[in-house]
Structure formats: C-alpha cells, structure tokens
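Student: The lines below spell out each chain.
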Amino acid sequence: MKRHFREWSVAAALVALLLTLAIAAPAFFAKQQLLTMLTTAAPVLVAACGMALVIIARQIDISIGSQFALCSIFAGMLAKAGLPMAVVALGAIASGAAMGAFNGAMVAGLGLPSIVVTLATMVTWREALRWWREGEFVKDLPDRFQWFGLGQVGGQAAILGSAALLFVLLAFAMKHLAAGRFVYAVGSDREAARLAGIRPQGVTFSVFVLMGALVGFAALLNAIRFADVDPKTGTGIELQAIAAAVVGGVAISGGRGNLWGVLVGVLLLSAIAPALVFLRFPPQWEKAIQGAIILLAVAADGLRSRKQKSQG
Amino acid sequence: MNTDRQRFSLKSLLRFEALLVAVLVIECLIFTRTGTNFATQGNALEIIKFSVEIGLLALVMTPVILTGGIDLSVGSLLGLCAICFGKFWRDAGMAWPVAAFATLAIGAAAGSVNALLITRLRLPPLIVTLGSFSLFRGLAEAITRGVDNFTGFPPDFLAWGQGYFGGIIPAQMPIFILAAAFVWLLVHRTTFGRSFRAIGFAPEGARYAGLPVERRIAMAYVLSGIFAALAALIYVARVGQAKADAGTGYELLAITAVVLGGTSIFGGVGSVHGTLLGVATLAVLKNGLTLSDQPSELAGILTGALLLAVLAGEAALKKISARRGRSAILSPKPSSST
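One line per chain: the protein sequences are A and B, in this order. For the first sequence, our numbering gives the first residue as 1, with consecutive numbering after it. For the second sequence, our numbering gives the first residue as 1001, with consecutive numbering after it.
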C-alpha cells in the first residue's frame, strides 16, 4: 500500500467518481456508453504506455501528436489503395516506428535534449502534413476499414481486445523481462546502468522506436472508429499521454512508475468528459478539471515527500 | 581561473550568436531577391509588430530556462488573460486601463501558482506547467463556455495594437523595447541574473553559496505570468477580439526562439540578446516566406529543421572544443624554462 501510494490514491479517486455517477447518474453505466468511452480511451492507453516507457527512461516525447496524425493518414491512404488491413496496420506501425527512430537517433546518437528534439519534430511533421494534405480528409475508404469491417460491436471488441492484450504484454515485459528492467536502469542512473553492462544509447533509441510503433498502432485503433480520416486527429494526445502517465505515478525524473498506474490514470482522465455530461455540468470544464487533477496528483506527491523528509 | 572561464564562455557565446546572425543575414539576402517589398522600412516594422507577443513570451522564458526550468503555460495564460480582460471590461464595467491592471494582476497570480508549486513542493516545472497549461486554457474555455468572445473594445485601447506613432512606428514597439531592455538589464546587469544562471548551472551549489534559490525561481515564474498578461493585452488590442483560443501554441514558439538563441535547455547558459536574435530569425523566416508566395507550412517545417540543425551544430562544436580542451590539458606545456 505504501509502495504504491499514488496508484492506490488515483484508483480511489476513480472509484469515488464512479460511485458518484452510480448514485447521481446511473445512465453512465449503460453498456453502449461504457463501450464508447472505453474504445475512445483505448488509443490513449496505447500511447500513454509508450509515453510511460519514454518517461521511465528519463526522456520525453512531445511529437507523438504529429506522429499520430501522420500515421492515421498513412493508414487511410494504404486502405484506400486497396491493400488488406494487415498491411494497413503494419504500414501505420512501421511509419510510426520510423519517425520514432528519427527522434531516437537525434537523442541517443547526438545526445540532444529530447524535449527540444521532439519539439522540433512535432512542428516539422505537423506542418509537413498540413502542406501535403491541406487539411483534406481521406474519404471513400473501403468497408473493411471502419471497425475492421466487423461492424460496430465486433470492431469495438477488436479495439478493446487488442489494446488490452498489448497492455498486458507491455506490463509483463516491463516487470519481468530484462529489456524492461534495462529501461528502469537507464532512467534511474544512466552511468550505473552503463557500468552494469547496459548500453544506455541503445536502450534510449529502442524506447523511442517503440514509442513510435505504439503511436502508429494507437492511430490505427483510433482511425478505424470513423468512416473518414481527419488530418487534424491526435492534436494534444502528447499531453493526454503525459498527463495519464504522471497522474498514474510515473516520475518525470525517470526510473519510477508502472503501467498499471498508467491504466488507472487513463481511465480517470477519460471518464471526466462523459461524467461531466451525465452530471449535467458544462462540458467546457473538462480541460480545467484535467489540469487540476494533474496539479493535485503531483502536489500530493510533493507534500508527501516533504513530510517524509521532515520526519526522517 | 574564474575570469578564464568567463572569457571562454563569452567567446563561445559570441561564436554561437555569430552563427545566428549569419542565418539571419542569409534569410534577408534570399528574401530580398524572392519577396515582394521585403526589404522596405514598412515591412521591417510590420515584422516587429507581429512578433511582439511571441517576443514578450520568449524574453521572459529566457530567465525561466536559465534557472533550468520551463514554462509551458504561457500560451494558455495568454488566452486566460485575454478572456479575463474582456470579462473585466465588458461584464464588470471597468474602464479599460483598470481592466488592464486587473489583468496584469491575474497574470501575476497565475504565475505565483506555478511558482508556489515549483518552489514550495519542489515539483518539476515541466509537469507543473503542463498541468497549468491545461488548467489555464480550460478555465478560459469554461468562462466563455467555449463560444463567448469579446469585441468592440474602445478605440483608445485598440490603438495600442493597431495604431502607429507618427504614422510609422507601431504603437506596441516602444512597449516591447522597454520590456526587452528591462529583461536584458535584469539578466545581464543585476545579481538576479547572475543567480538565475547559478541556479541553472548547479542548484545545490547556488544554495550553498547562500543564494535564496526558491525566491529567485519564484521571481522568474511570476515575471513570466505578468509578461503573459501583457502579451495578452497587446494581442487583444492588435486582433480586436478576445477568444478562449488566443495564443494557442505560443509557448512552443517562445521556447523555440529561446533555444534557437543559444540558451541551453538545461539551464545555466544563455542570453537575452540571443533570444531576441532567435525571435527575429523566426519572424523574418515567416514573413519572408509569405512575401515570397510560399505556403505558410514551409515556415513551420523550416523552423523545426533550423532548430535541429542549430542544436546539432552546437553539439558538434562542443564535442570538438571539449576534445581540444582535453588535449590542451594533456599535452605538456610549451615550456621556456627548460
């Protein structure tokens, strides 16, 4: 309990919110509404897991919103060209990984600060996309694109199932596989990790590539919910992902955090918008409340560590 | 030893700024050929007029980054302040100068929130200002319910964003020059500026040297809030409208300008004149491309590419000079005594 204070307190906040909703607005728990909420949250979860890895490795990636948009457009165009959905999925993931590799090469190879590198790539990719598409949607997609051609029920099941599977695999890998522990090692002490025989540059590079690949997959999961692909999609997802990771207890100073906390963070943050609607609260408050939750979560941590210090 | 070190860093700074001046000169040369009416006095003043808001944010971002921090909330705060100004003037019935002062107070208060969380609770600035980035923009949206906007401001207020002194000089230019002079003096000619750098260079060292680290950091963020409010006023006066989405993305442009201007994102090293050069480089790029009938997206792409190129160049330079420095230590002194 003490070790996972943040995870448990955020989970408690989520439970409190759900209890309030259960009493004040039971319609929130209608099956269709819950499914819609969760399928909207699934891409965010995938991206937030990648972001958690990046932050645990003591880096940050603010370019994923632009990567997300580009991957969505690539997926749409591949589908429109008549390729099978498996190729479309691979294309989205590969293009994300390629953009992640560029960030990784700049950060790990040249030793540039990740926040500046990804700031630059964020602007560059986004503007390149605007120049290329001029805001045009990808339309007239084949039937097998939306919901993977499975209809809404099957499509939602596919999205939730694949996101859940990916999440469990990643959570397992971060806890039990050597590669996962390497990420923690590099994030908590790069020099110690190097002396222990880990190659920090390789780990940092791989984390960025994985981040890109996950963004590509998240973009695919998001794009297939609609009939067209919007080139503006994914704006601000970098902040959602960072917020979810931080609220879920991933320390921005690296080396600490786990994916189960991120899952709770994603659920809490994505429950806010529908909860506001069901509690008859003006939905424009969503962003303000999200900001307040981020600040509260980190402030609680700060107060706690101060208390511990003064006691110790 | 100390003067040696200073001389060395001054030299390397000059070298870096020379690189930026070269980029600026090349830009101007190219756009003079390709752009219609680029090299005119009117256009130069126009460039300044449109870069005042970003310029103010970048100016004050410099001390923040010098302390090793960052302020992602300035763009959102600009939006919130614009809305507050509109509220004060239209709904609370304040005269516009009163409303303007109240807005500056809001900016200072918002900056204090960041400052308190960062200094009292020792939270990372990136996360605190990410939270307030959401919070401030969210409050602006909540106050306006996402639809309300404020127009019809009195002409003597709008004059500060649209008017010209003597028919030539944009009205906001003197404000910007004053602000730039203030920040330059603060960073380069006062002990405050020295302490910003010392904190960014080594926070613990600064503490042991007896600097009031928390108070100095707090000062940087409060100043950042006040400048964001000032930028909001000028923005509203220039555009003639206050909406919740005012200043979206400005924080990134300001950070880009500061980093392009040679300030290290890790703190400790940087200059205000570098930041001004960075702002000018970005503003000329955007203006020149527009006048050359190039799509505006190209400006964004080139901004990103320029940022990466300058950083990579700096990293390479540093590697070379580090190698040279090491070999200077290792190689035996050219001795006259033997």
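It should be emphasised that the hints constitute simulated quantities derived from the structure, not laboratory data. Treat the numbers as computed from the prediction; the structure is a model and nothing was measured. Each residue gets a CB set at the ideal place from its N, CA and C atoms; glycine is no exception. Mixed in with the good hints there might be a few duds.
Computed far set for chain A versus chain B, every beta-carbon distance over 10 angstroms [to be verified]:
no., residue
1, 20
2, 116
3, 121
4, 136
5, 162
6, 171
7, 172
8, 205
9, 228
10, 253
11, 255
12, 298
Cβ-to-Cβ under 10 angstroms is the rule here; a few derived chain B residues that face chain A [stated by the list, open to error]:
no., residue
13, 1039
14, 1072
15, 1130
16, 1219
17, 1255
18, 1259
19, 1264
Student: State the violated hints by number, sorted upward, taking the hints as numbered earlier in the document.
Tutor: 2, 3, 10, 12, 13 and 16
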